[in-house]
Amino acid sequence: MSDDEKAVKIPAQAEGPTQGATLTKDPAPGEVLLKVTGLQKHFPIKKGLLQRQVGAVHAVDGIDFEVRSGETLGVVGESGCGKSTMGRLITRLLEPTAGKVEFQGKDITHLGVGGMRPLRRDVQMIFQDPYSSLNPRHTIGTIVGAPFKLQGVEPEGGIKKEVQRLLSVVGLNPEHYNRYPHEFSGGQRQRIGIARALALNPKLVVADEPVSALDVSIQAQVVNLLDDLQQELGLTYVIIAHDLSVVRHVSDRIAVMYLGKIVELADRDLLYKSPMHPYTKALMSAVPIPDPRRKNAKSERILLKGDVPSPISPPSGCRFHTRCWKATQVCKTTEPVLVELRTGQQVACHHPENFEDQAPQDTVLLTVAKEAAELVADEVLAESAETSAAVAAEVAAEAAAEAVVTAETAEPVVTAEPIETAEATGDAETAGEAAPDASGDDAPDASGDDAPAKEK
Numbered sequence: 009m010s011d012d013e014k015a016v017k018i019p020a021q022a023e024g025p026t027q028g029a030t031l032t033k034d035p036a037p038g039e040v041l042l043k044v045t046g047l048q049k050h051f052p053i054k055k056g057l058l059q060r061q062v063g064a065v066h067a068v069d070g071i072d073f074e075v076r077s078g079e080t081l082g083v084v085g086e087s088g089c090g091k092s093t094m095g096r097l098i099t100r101l102l103e104p105t106a107g108k109v110e111f112q113g114k115d116i117t118h119l120g121v122g123g124m125r126p127l128r129r130d131v132q133m134i135f136q137d138p139y140s141s142l143n144p145r146h147t148i149g150t151i152v153g154a155p156f157k158l159q160g161v162e163p164e165g166g167i168k169k170e171v172q173r174l175l176s177v178v179g180l181n182p183e184h185y186n187r188y189p190h191e192f193s194g195g196q197r198q199r200i201g202i203a204r205a206l207a208l209n210p211k212l213v214v215a216d217e218p219v220s221a222l223d224v225s226i227q228a229q230v231v232n233l234l235d236d237l238q239q240e241l242g243l244t245y246v247i248i249a250h251d252l253s254v255v256r257h258v259s260d261r262i263a264v265m266y267l268g269k270i271v272e273l274a275d276r277d278l279l280y281k282s283p284m285h286p287y288t289k290a291l292m293s294a295v296p297i298p299d300p301r302r303k304n305a306k307s308e309r310i311l312l313k314g315d316v317p318s319p320i321s322p323p324s325g326c327r328f329h330t331r332c333w334k335a336t337q338v339c340k341t342t343e344p345v346l347v348e349l350r351t352g353q354q355v356a357c358h359h360p361e362n363f364e365d366q367a368p369q370d371t372v373l374l375t376v377a378k379e380a381a382e383l384v385a386d387e388v389l390a391e392s393a394e395t396s397a398a399v400a401a402e403v404a405a406e407a408a409a410e411a412v413v414t415a416e417t418a419e420p421v422v423t424a425e426p427i428e429t430a431e432a433t434g435d436a437e438t439a440g441e442a443a444p445d446a447s448g449d450d451a452p453d454a455s456g457d458d459a460p461a462k463e464k
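Take 9 as the starting number for the sequence shown in my numbering and just add one per residue.
Just so you know, these hints were derived from the structure itself, not from any lab. Mixed in with the good hints, there may be bad ones.
[Stated by the list, open to error] If you anchor each label on the Cβ, the simulated ranges turn out as follows:
#1 ASP277 <-> PHE51: 16 to 24 angstroms
#2 LYS114 <-> GLY165: 41 to 49 angstroms
#3 LYS281 <-> GLY160: 47 to 55 angstroms
#4 ALA367 <-> GLN61: 30 to 38 angstroms
Bear in mind that the values here come from a model prediction, so they are computed numbers and not experimental data. In this text, a Cβ means the ideal position worked out from N, Cα and C, and glycines have one as well.
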């Protein structure tokens with residue numbers, strides 16, 4: 009099958025019987041497709057006969073990021089950090105408490121059902137559980153063909169032919185059109201979910217842990233399928249996962265979430281090579297290293313103290329300060345802002361790893377930090393301190409070099425007059441005058457109208 013045959017092109021059904029229109033193509037690669045600003049979702053907690061609100065679960069508590077066309081943004085974090093809620097907010101399956109979601113420059117935060125219906129063609133979601141996301145009473149032909157009927161789209165050649173082509177694209181037998189979900193394995197069911205998401209040729213696909221419920225061998229097949237479809241159809245992905253190996257394979261950029269916040273957002277290679285946030289470093293240290301030569305791999309692992317705080321009453325300041333081995337008073341009182349400390353790498357931390365300390369004046373560790381440091385190997389702590397000191401020295405050296413360059417650049421302007429005076433001094437010596445007199449207030453006269461007269 010050629011690439012042209014694999015491409016999913018679906019003409020939209022127009023209102024008139026003879027008119028037709030085609031879905032718009034994806035924006036140019038590199039353009040901002042999705043922009044999220046200050047997004048929040050608080051689930052209310054109600055009690056009593058009158059169901060009065062007594063609190064709220066801060067599932068997502070103010071996140072900002074952008075997704076560009078053609079890229080894959082991976083979102084990682086431990087269970088309960090708000091990853092799946094964020095995905096449902098982006099696709100507007102949940103109503104946000106606050107913040108803004110923009111898709112192709114249009115604010116879709118509070119669009120109603122009618123306003124969201126056309127947008128459903130461009131934004132689709134692949135759900136986590138392939139067993140519960142498919143209706144067991146429907147055939148896969150009905151499941152994959154449902155988006156066409158809901159959107160009023162009549163594909164060329166009919167719905168059945170298009171569904172069979174989609175099944176072929178995701179690696180399933182088109183002849184299984186009339187089978188039911190229970191007749192397929194977990195990996196095949198996930199492929200059915202992917203085919204359903206691709207039915208209307210979307211621009212953005214949000215995949216909520218698409219391989220977490222699958223065997224390792226099946227995971228590789230689904231991940232490779234997603235990668236191939238992105239290359240062929242120009243898709244943009246937001247892939248939510250907790251498997252760091254999978255995220256590293258498929259992502260261009262990675263966002264790390266902790267307790268409803270994005271604590272680090274960076275290019276893939278930068279994040280894995282030199283993570284800045286202590287929580288990110290702890291996550292990376294938990295990845296198994298299948299190398300028998302790395303005998304010290306276990307000692308390099310960072311164990312975090314205690315459990316994740318409750319999202320009902322998150323800690324003040326930095327959310328991670330109750331488990332961090334570098335926490336000081338500023339971490340407890342002031343919430344760090346997500347800022348770009350290095351090109352392509354943003355972090356929300358007062359005392360980042362692999363970079364200059366952002367609060368060097370605050371050096372007294374909290375009691376919880378001292379207790380957390382007991383679980384961290386001395387080699388890791390020493391390496392962290394050495395790296396921070398080295399980066400600080402490097403930053404200071406760069407600042408000094410910039411100051412020297414600035415001074416050298418400004419020097420010709422400052423010494424322009426003395427240079428002219430020196431030239432005048434030479435003319436004066438030729439005329440038989442003393443150098444000190446030529447370098448004084450008479451220097452301009454020596455280079456002025458009197459000089460030709462003396463030479464004459």
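Is the distance from the Cβ of ALA367 to the Cβ of GLN61 consistent with 30 to 38 angstroms? Holds: the Cβ-Cβ distance is about 36 angstroms, inside 30 to 38 angstroms.
Holds or violated: the 47 to 55 angstroms window for the beta-carbon distance between LYS281 and GLY160? holds, 49 angstroms
GLY165 and LYS114 - C-beta distance against the hinted 41 to 49 angstroms: Violated, at about 32 angstroms.
Does 16 to 24 angstroms hold as the CB distance between ASP277 and PHE51, or does it fail? Given range 16 to 24 angstroms: violated, Cβ gap about 36 angstroms.
Comparing the model with each numbered hint stated earlier shows that hints 1, 2 do not hold.
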